[in-house]
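S.K.: Each chain is listed here by its residues.
There are 2 protein chains.
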Amino acid sequence: MTDYEIEMALQDSQESFPLETRPVNLSYWNTGSEYQSGVRRILKYDTAQDLFDYHYYLPDGTEKPIALKFGFSEADCQKLRIDPLTQSTIAISSVIAFLSRQNMSVGIIRPAYFTVEVCCKDFKVPYTIFDDYEEDINEKFDAQRLLDSGCQAFWFTSPINSMSIYFKDHVIKEIQKILDAGKVVIFDESLCMNGMELARKFGMQENLIYIYSPHKTLGLQGIKFSATVVHQKFYDEIDDIQDYYGGSLNYSCQQGASHFITKNFDDCLAFYKDYYQKNLKIVREVIQKYNFAHVSSEIAGHYAMIFLDWPIDDEVFVNSMKDLMKKSGYFVFPGIMQDFDTSKRFCFRINLLLNHRDIEKGLNVILEYLKNESEA
Amino acid sequence: MTDYEIEMALQDSQESFPLETRPVNLSYWNTGSEYQSGVRRILKYDTAQDLFDYHYYLPDGTEKPIALKFGFSEADCQKLRIDPLTQSTIAISSVIAFLSRQNMSVGIIRPAYFTVEVCCKDFKVPYTIFDDYEEDINEKFDAQRLLDSGCQAFWFTSPINSMSIYFKDHVIKEIQKILDAGKVVIFDESLCMNGMELARKFGMQENLIYIYSPHKTLGLQGIKFSATVVHQKFYDEIDDIQDYYGGSLNYSCQQGASHFITKNFDDCLAFYKDYYQKNLKIVREVIQKYNFAHVSSEIAGHYAMIFLDWPIDDEVFVNSMKDLMKKSGYFVFPGIMQDFDTSKRFCFRINLLLNHRDIEKGLNVILEYLKNESEA
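Taken in sequence, the protein lines are chains A and B.
Residue 100 in UniProt numbering is what sits at position 100 of the first sequence, and the numbering runs on without skipping anything.
Residue 78 in UniProt numbering is what sits at position 78 of the second sequence, and the numbering runs on without skipping anything.
Be careful, since some hints might not be right.
Each pair may be met inside one copy or between any two copies, as identical chains are not told apart.
[To be verified] With a straight-line Cα cutoff of 35 angstroms, these simulated DSBU-like cross-link-like pairs (lysine-lysine) come out: (1) K44 to K201; (2) K326 to K177; (3) K371 to K233; (4) K140 to K201; (5) K183 to K361; (6) K263 to K326; (7) K263 to K79; (8) K233 to K121; (9) K64 to K326; (10) K326 to K233; (11) K344 to K64; (12) K79 to K322; (13) K233 to K289.
The set of hints was computed from the structure by calculation and includes no laboratory data.
Construct the complete structure from the given sequences, taking the supplied hints into account.
M.R.: The structure is reproduced here in structure tokens:
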């Protein structure tokens, strides 16, 4: 099954229940009601909104404060430009259009956001998948293998897609070798938690392209903005492409950009950290009871990937989840939807911004069900 | 010069003036203060906004009323699906990704929105430009010429880009021949005035793809939504692609979709018609004094294209406009920015939603300046 088919099958099944008994998807991308009401109590932003004009730029005077908040230095700010977009999805497609125009081949380090590979195919950009790195990238990563592939550009996702794991010194040193070899490196940090940006490690180098969208992680899709950060050298070309692919900015992007550089953003971020950490503690406690299930010790963010000791076929899993929806009111999506190779060992994502009770009860029933199935 | 270079050169020059004496661009895409305050007095929409969730669908129960308001019949509604997007720009790129996956070559009937040709290039979709049709398409259009080209899909823009001229019976009969020959036809009606949609003429046929964004024409960029309307047959494929290229919807799209089917949208539309018609009357009066300048008698909308009897080189024109900014406080963009071939005869666009006085005074000084330059 393709990930689209899996999503549609599980979603159709979920929606066949009446609203009041609709099963909860623990892998869901939206946040729970408790988290939302907590943020709603804290959030303050300028709600004034322009109804009329097309907008293409960040609000006046915000570019440098935004760059500094991403962690770029004063010196970096002299070299970089920020191109704002409505969504990171458009940042991805337009950066791949840029690589296409440069006739570059791309090495994609999996797991990546699902748009990346599809765009490479559609734009006929030659690409190589590197799928040996998941949570163990911090031990195993080897730049030479990437350089030997002959690719001219390399696409990294930080934190590791749906794992909330960040690159440590070893990976950072290796990626610097790739940059020193004159290759282009893209850091898709759309789901990066503010404070953990790779900008703090790599700064603005000529061949680096960063993608950010700091409200996404906080679950604030209503006032998010996306930003492509590039060296001046590439700015005109990228800006031209993003005009073709991005069109104008929704006004909520301007609101998001202005909000990002206020202290209120930091207050929301502090609440976010507290909230996911409580759920992560619950997850660790539940997991301890099931010796076939594992979760990384390095999680810093609201997505946790739970790995099992065995693989499960997609179709078998979809049917299990349909059954579990009826029996318990909970289900999860398989990790293939986040670009994980579930043929080796099965995995699924948990969203730590869901309600505490759903995380505790839901994870218990899912692991109990999978345990019973494996023993049947 | 490329259209991007022209835009940047004129914009830089404009922005070198202090805000209070900044020259007015009569070709501008944004509307004037008088029009905006008029709409602001009428506009009513539900300002409640979700801050948290990702949105991918139209608000519940709005799909059919929206289709009916585009002019589709009850019977059409059984056959069609609507895929909402944040912006028409994304509708264009994703439809071209779709044509790319179908291995189709595309005939682009100029003038088209500038994203179309660029996306074909980037996605490596073979294309043929048909640039013999502008305001005279209603007399000269010949389907056989298009069919002879061997293209499998044809891209039409209605109304004719930046001219506010709609297709009449002759063109409609000819386009039906193209559909009857089994070709795919795309109608980019992003800037169509509600009530003038080609859906009313062609209904939902298997090989038709429509793009709409009804608030754009009214200058309401803050609550606009875009919609791709396709036959059920193509829906899954298009929906999958638009998930990759479009991402989630800004909440303002949901507000726009809900607003479109209220009577308040019609009230805004009535004000719009009154407003542009007043300015169009002014334009016709000014043009009458200059026998070298022409404007179509068929305009129904807020963009009018003014044609001169002679061509003007882009670089010469940019320098003239820089000079005119200083002398008079007005300027225009050349028609090349709207995909017109200005090497035959020069043309420029006027936005009839600007303030009445700017239209009257500005058009007078521009035509007077061009007249004097041509006589020098």
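S.K.: Please flag the earlier hints that this structure goes against, numbers listed from lowest up.
M.R.: Structure breaks hints 2, 3, 5, 6, 11, 13.
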